[in-house]
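Asks: Now for the letters of each chain:
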Amino acid sequence: MAPVWIFWLSLLLLVVSSLLSLIFKKNDRLTRWSGTGLVSLSSLLLIWLAVQVLWRLHHPLEFEINFCALKIPVLIDGLSSLFLMLLAVLTLSSTVFSAGFNQEVRPVSNWKFYLVFPWFIAGLVGLLTVDDLGPGFTVAWQIMAWSSYLLVRWGRPAKLSSRPALVYLLFMQAAWLMVVGAPFLVKGYKFGEPLMEIGQKLAEGRQLPSLLFFALLLLGFGLKTGVFPLGQLWIPKTYSTANPSVSALLAGILEKTGVFGLVRVFFFLSNGTSANFSPAGWGKVLLIAGTLTLFIGTVQAIKQSEYLKLLAYSSIGQVGYIIFALGGSLLAASSGTAAGQSLALVIFVGAVYHSLNHGIFKSLLFLTGGNLLYSTGTRDLNRLGGLLAVMPATGLLVALASYSIAGMPGSSGFVSKWLMISGNFLAGRDNLLMVVSGIIALFTAAFTLACYVKFFGLAFTSAGANWKLNRKVREVPAPMLGAGIFLALVCLSQAFLPMAYVRLIGLSMSRSQGFMLADAGQSYLSGSLFNLKIFAGQQLLAAVSPLIILVLIVALIILARAFRQSAGTVEVPVPTWLCGYQDLNRDNVYADRNMFSDLRKFFWWTGGNSHRVVDDEAVETGQVKTEVGS
Amino acid sequence: MKIVAVFINLVFFLLLAPFLEGVMRKITARVQSRQGPPLYQPYLDLLKLLRKENLVSAENWAFRLAPLLAFASMLAAVAILPLHGQENILSHEADLMTLIYLLTLSGFSVLIGALSSGNPFGSVGASREMMTIIMLEPVLAMTIILGAVRNGTMSLPGALQGVASTESFSYFLMLAVYLLALQAFVSRQPFDIPEAEVEILEGPYIEYSGPNYALFRYTLNIKRTFYAWLLAGGFLSFLRPANLFLDLLLQTALIILLFGLISVVGATHPRFRIDQAIKYYALLIVLSLLAVGLGVSGL
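Protein chains in written order, with this note's numbering: chain S, 27 to 656; chain C, 294 to 592.
So here's chain S without its partners, still in its complex pose (with noise of 0.2 Å):
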């Protein structure tokens, strides 16, 4: 088949699903039914697409849509099959875990949901294939931003969604004015052009109109990415309050549909507009937003007890590294050596792989939440504890989430953190800006770590959920679980396999025509399958290698389990000890509140300090009268 009909045909089975809900709309499991197979058939395609289109054809696959009196130029090249195929392994995961989730819990009819699910799906599609700023890309824009409104509105009772929802809506809004309007300020510019042509024009115009017209993008694009302090605007609130599937999806693709619009920006648009923009000034720009939104993020993260919202606060954290390689990138491309266009291209490298990286674990943390939401039915983390013993498979799945989004050694987030901190390092030795924006973003990391220590710590081991929850927690059905673990496959993958998915990336960068650093020379980056190295000539500049250090710590624990069993003790049962003075119980766990209070206490004025955690259930039993507000 040809590539264009499988583009077509993915798109029709999303129409056909959202019309088979209104017609099942009686029957729930038929309505589940159909719409988790025609989703999961849709994103099957989609990934056949990609596949063609990166291995295939050989060039970028580019048509145009006539409707009535519209023009709409597609354009699906690497970049897009890269971000197509991100989207599709995660709509996989998260139609199945819905299949799951909806039949329990929904403050929504079911046939609601899966009427305006593939509608959001078909948007991101549309988001990730249009190659205008004109009727294209509203119509893709407008399709996910009132599809995904209505899916937020439904995530929680009314009276805790409307007004979370309703924000994201004006946000979204907001952010489309802006990339709209801004190629207007290109002179000669038609509504509706490809990308390629307003580069064009961009090129001859001068230089005011073209400075404000990428200071629109970024903040449009940085506005649905999340970058501080716009992220914090809606980010929190918006993913706390959607379905775990959405918000799955909302913080794995939908925001790095904000990284893809400032690739194609920065790293495309802006090829061939040479004296119009200056790498060095928007790669410092870009460096010092995204530095500042990874640390605020991930430290707003460590202060919240709603564990939705710890994993919101910690995607703007983490998009916020993506940022800092996006403008690292620019920077070391900017010195116009030889070597500083090679380690461009390792941190654009790392920029990639760490979007692909956050969808997916980002993904199986809200994935996992949802589990945690699902078997307990609080959003709070002081209610929680000890659940390893009753959620042990969740309990694994988290655990792996966590240990690679806080980049320990041995995980995917490491290898792509790697990537970006050791090229901005090496790059910029001799510039503060860069040394100093690295140092921040590698003791970050620990922050992250806090987040999810106190996210696993006092989630899965612990103590305190048998005492202040009133239901009896069990693990979660199948298909909740089947979809975590088809992520942290692969998720597992992309810590193991680096070299597999850096040849990926410059496969799909090979398919894209305009790429600013498609003749960076040779490259630095090396090494087999398993491992990266950067290589100055016969000079290793640095090296990451996620399996030997997995089999040497392998190797050492075997050490230390047989110096611990080398006397042949036994293991004894014992109770916890509180000095003798009585056992544990509800009144002395624990709680989350308690958790770095000195440090929370320290960092105040990064904000995000709201401690009130509400549940569905507070408003359904009537405690909550009014609007909660922030």
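None of these hints come from the bench; they were simulated from the model. We put the CB at the ideal spot given by N, CA and C, even for glycine. Be a bit skeptical, because a hint or two may be false.
For each label pair, taking beta carbons as the anchor points, the in silico distance ranges come out as [claimed, not checked]:
#, chain 1, residue 1, chain 2, residue 2, range
1, S, ASN620, C, TYR336, 53 to 61 Å
2, S, LEU238, C, LYS572, 39 to 47 Å
3, C, PHE465, S, ARG529, 41 to 49 Å
4, C, LYS572, S, ILE314, 25 to 33 Å
5, C, ASP568, S, LYS51, 57 to 65 Å
6, S, ILE314, C, GLN569, 39 to 47 Å
7, C, PHE300, S, GLN591, 18 to 26 Å
8, C, ALA535, S, ASN620, 17 to 25 Å
With a Cα cut of at most 30 Å, we get these calculated BS3-like pairs of lysine-lysine [to be verified]:
#, chain 1, residue 1, chain 2, residue 2
9, S, LYS227, S, LYS216
10, S, LYS52, S, LYS185
11, C, LYS319, C, LYS345
12, S, LYS185, S, LYS51
13, C, LYS295, S, LYS559
14, S, LYS627, C, LYS572
With chain S's structure known, arrange chain C on it following the hints.
Replies: This is chain C only, laid out in the frame that chain S set:
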């Protein structure tokens, strides 16, 4: 030889670490006008702990895995070090970022162990330990990164060599910061806030006993040795004799000297509160940022 170097690393740290605790206990005792235990006492303690019952207060895998992971990741961290300034077989697989993250991983395992015990004292300790990691990791990172930026390489032998470039002012500032942070790195008084025996009963380790506790004790000793080694292997690595044996002897002497200093400071200073310590660490972060700034500008 490159494989042997890894084993030399492991053996060096495994053998030396408990002895240094003995040195510390002896000196502390002398400062307090006591006799103190013999220098080899910590080895005996480890053996004794290994033969005790292994008390388990929490039925989950995290509790059992934590001591193993803490010990293994700390050993992995010292395995990749260029002890004699030379590359070993792991140098092409790991660089300074791996080192920093392995050290963090070891600290993280202690936390997970503490939290999984379910004991509120352990959780208080874990919370304090995490805050300490957050505030101290940047200081360690910047110490090594300054070297990396000077030499333009992230690989450990190159970066540690860069740490020792004495012709710059930033070297002396970073050395001062390192010495000011040392007491906290090795978590001795006045910075033993996470453990704080008389206050939260050894904090993270409260539920651990017998062989599990032996692993944690050993990990802590190796961690302390590593931070003291950084003076010999990093800041003073220009002193290094070409002969491996002499080199190790010199490094051991320097480490013991440093432990003497640590013990005296530890025995004469009362513990800080965590909020006071955070402010102190913040000051250290600012100073080390200044040192990095100077280093990048070539000063």
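Asks: List, from low to high, the hint numbers that the structure doesn't satisfy.
Replies: Violated hints (numbers, rising): 1, 6 and 8; every other hint is consistent with the structure.
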